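Let the sequences and hints guide you as you build the complete structure.
Protein chains in written order, with numbering that gives the first Met the number 0: chain G, 0 to 235; chain F, 0 to 227; chain X, 0 to 233.
In short, the hints are calculated from the structure, not lab data.
Just so we're clear, the structure is a prediction, and the values are computed from it rather than from any experiment.
Backbone N, C-alpha and C fix where the C-beta goes; we use that ideal spot for every residue, glycine too.
Below, in silico cross-link-like pairs of lysine-lysine (DSSO-like), each with a Cα-Cα straight-line distance of 30 Å or less:
(1) Lys172(G) - Lys110(G)
(2) Lys78(G) - Lys75(X)
(3) Lys49(G) - Lys172(G)
(4) Lys110(G) - Lys49(G)
(5) Lys75(X) - Lys184(X)
(6) Lys60(X) - Lys75(X)
(7) Lys60(X) - Lys78(G)
(8) Lys78(G) - Lys12(G)
(9) Lys184(X) - Lys116(X)
(10) Lys188(F) - Lys172(G)
(11) Lys188(F) - Lys135(F)
(12) Lys135(F) - Lys172(G)
Label pairs and their computed distance ranges (CB to CB):
(13) Val66(G) - Arg33(X): 52 to 58 Å
(14) Ala32(F) - Ala138(G): 27 to 33 Å
(15) Glu222(F) - Arg33(X): 30 to 36 Å
(16) Lys12(G) - Glu165(F): 41 to 47 Å
(17) Asp5(F) - Ser173(X): 38 to 44 Å
Rough simulated footprint, nothing fancy, chain G against chain F, three-plus residues with beta-carbon under 8 Å:
(18) 152-162
(19) 171-184
(20) 199-213
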Amino acid sequence: MTQSVDTNPDLPKPGYWPWYGIFCFLFLIGSQASGLLLSVPDRDMGHLQKIMYVHVPAAWIMSLTFVVVLYYSFRYLWKQQENDDLVAASAAEVGAAFCGLTLVLGMIWGKPTWGVWWTWDARLTSTLVLFLIMVSYLALRAFIDDPHRRAQWSAAVGILGAINVPIVYMSVKWWRTLHQVQSMPSTVDPMYVINLRLNAFAFLFLMIYFIRRRYEAARFERAAELAVQAAALGRR
Amino acid sequence: MSAHEDWRRVRAIVWKDLTTEGRSKAGFNSVAALGVTILVLFGFALGPDAQALRDAAAGALWLAVLFAGVLAFNRSYQVELESGALEPLLLYPGARWTIFVGKLFANLIFVGLMLVIVTLVGIVLFQVTIPPSWPKLIAVLALGTIGLVSLGTFYAAMASRSRAREVLLPLLLFPMLVPVLLAAMQASKVLLNGDMMHEAGAWMSMLMAYDVIFVVAPLLAFEHVIEV
Amino acid sequence: MSVASRDQIAIDAVGVARRFGARWVLRGVDLQVRPGEMVGLLGANGSGKSTLLRILGTLLKPSAGGATIYGHDVVKSPDEVRRQIGFLAHTPGLYDDLTARENLQFAASMLGLENAKLDEALDRVGLGGVRNERVRGFSAGMQRRLSMARLLLRNARVLLLDEPYSNLDVAGISLMNELIGESVKGGGAALVVLHELAPAAAVLDRTVTIREGRIDEPDGAALDAANFAVAGEG
Chain G
0 MTQSVDTNPD LPKPGYWPWY GIFCFLFLIG SQASGLLLSV PDRDMGHLQK
50 IMYVHVPAAW IMSLTFVVVL YYSFRYLWKQ QENDDLVAAS AAEVGAAFCG
100 LTLVLGMIWG KPTWGVWWTW DARLTSTLVL FLIMVSYLAL RAFIDDPHRR
150 AQWSAAVGIL GAINVPIVYM SVKWWRTLHQ VQSMPSTVDP MYVINLRLNA
200 FAFLFLMIYF IRRRYEAARF ERAAELAVQA AALGRR
Chain F
0 MSAHEDWRRV RAIVWKDLTT EGRSKAGFNS VAALGVTILV LFGFALGPDA
50 QALRDAAAGA LWLAVLFAGV LAFNRSYQVE LESGALEPLL LYPGARWTIF
100 VGKLFANLIF VGLMLVIVTL VGIVLFQVTI PPSWPKLIAV LALGTIGLVS
150 LGTFYAAMAS RSRAREVLLP LLLFPMLVPV LLAAMQASKV LLNGDMMHEA
200 GAWMSMLMAY DVIFVVAPLL AFEHVIEV
Chain X
0 MSVASRDQIA IDAVGVARRF GARWVLRGVD LQVRPGEMVG LLGANGSGKS
50 TLLRILGTLL KPSAGGATIY GHDVVKSPDE VRRQIGFLAH TPGLYDDLTA
100 RENLQFAASM LGLENAKLDE ALDRVGLGGV RNERVRGFSA GMQRRLSMAR
150 LLLRNARVLL LDEPYSNLDV AGISLMNELI GESVKGGGAA LVVLHELAPA
200 AAVLDRTVTI REGRIDEPDG AALDAANFAV AGEG
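Here is the structure:
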């Protein structure tokens, strides 16, 4: 019986993904151009309101990455395939990036609107908490060396974190709305709604593309890790 | 294995954890002392104005319990790791969730006792007048403690066995506990102010929902976490 | 070898492999231990002796292959396996702040033994005089004896012992041998990881050696001290 030392597992092939990536960015450019050029400036906010075409889709898609982490974490615990763990980790990283984008844009929006960079607004605050949850998930992964243990533990942490998302959101909302009323733009311009949806799709496509590329990179990282270990031990 | 057997294992773990803690009283004493110290430091940060202190009392109390509690959770697994006692623990036949439930009860008692001390000191230091609805206040304390201890016991099972456990446990735990902290702080605060608007009830329902979710989820996930 | 049905074989490992990262510590171990047999497991440092023992004891999952203990699969029904085995690890696995007797009391409760003969077990391993003293003050040898007493609490059908003789004095070694002998005579089996053959030489039925992740010795090889000397150097 021979056990092959598995240093070169079948690595992901690019396939049609580069074309998909080009499509994603073209779609994004199109939808952003539509948002910037075709919609009417807001009555109160003027052109500033157009930051919403990035801020809002990023926030929506960020919430979606939690669902992806949740799904692949469950799938990992069920099927024990390392690849599922790597997808969950990739989704968490992409989620953290979108989350950071949401926060920064929220602050840029806040400065001219409320005159301060940060306000304990319900959505902004809960986004910050979700960002911290994502960061702690990624920190946990960084602190564990054994791949099986890392996958097992981060699956548990990912599931609990995702379950907590609606609870965090509700608690922060209650915390704020018991004291002050929300102030978000109430534009009913149909172009605004259409552009928002268009850009949400652009971000959705982008999220899938980013997760895929991050996942490919993670697979290569794992293969490199295995090769380095094999080489180091082979010399003995 | 029958429920009777499971229950007996839970009791054995509670007894073992509390006995070892009781024998080395330094552990509990220093954790409680740390809680009190944090309260004193909050007093300095908030200044000597009596009204400001009273307003911030609930928040300061919960943060003190949170920071001191983190130490308790890691200690709870330290006992197992010190001389390789975790392996025999995993080798006893029967369900693994009993280990979690046993440690959960032991930590509840540990943190509960600490909470009593810190609360009593807090009432004095922050010049809190006890409201007529104090039984509700105790219920808020109990509900908040359950959520805190359940997640703390769960995450410590991982953090205590990783590199950098001192930083990893609070990093994992604190953001997850935001709903508990907000609800417990707000409920305590409105109860201390007489609860004119009847807000406390809503916060308490939220605490209860949170507790149910975050006792059940760790219970189910524990087996996956402890065995590797 | 006659083909016995699997539930009549105490330990039946087939192609057990285990990988840590890219390193295959075990590359397909085939090992059978029959009831009434005491088998010594030899091999260089890092050859995977403890890894094999931990896999058989359900503490680790094999990366490939499988094993059964009296017909119970170590991966699929670990709980059944845990009921069959007595496991002694490197570390004593005791609670320093509990007394000797309390440590046994805890083990008995966890095992679901209503009226375990704690004092009898303590007397047997020579710790009767210190039963109410805390383990913190015990020497390494005394702690090892206490873990032996924990093994005595129930009649395990398979003993998996990882270097059980370390830290034991002469009396302790013969006590350990006596204990293993009793279990084996009663139809049990024992797999003992050894880094030194001497203490067990008199009682072993046979030895097997792990080399490069596989069992090196053919089944039933005679006890051979010269062979051990080669294997023992790491």
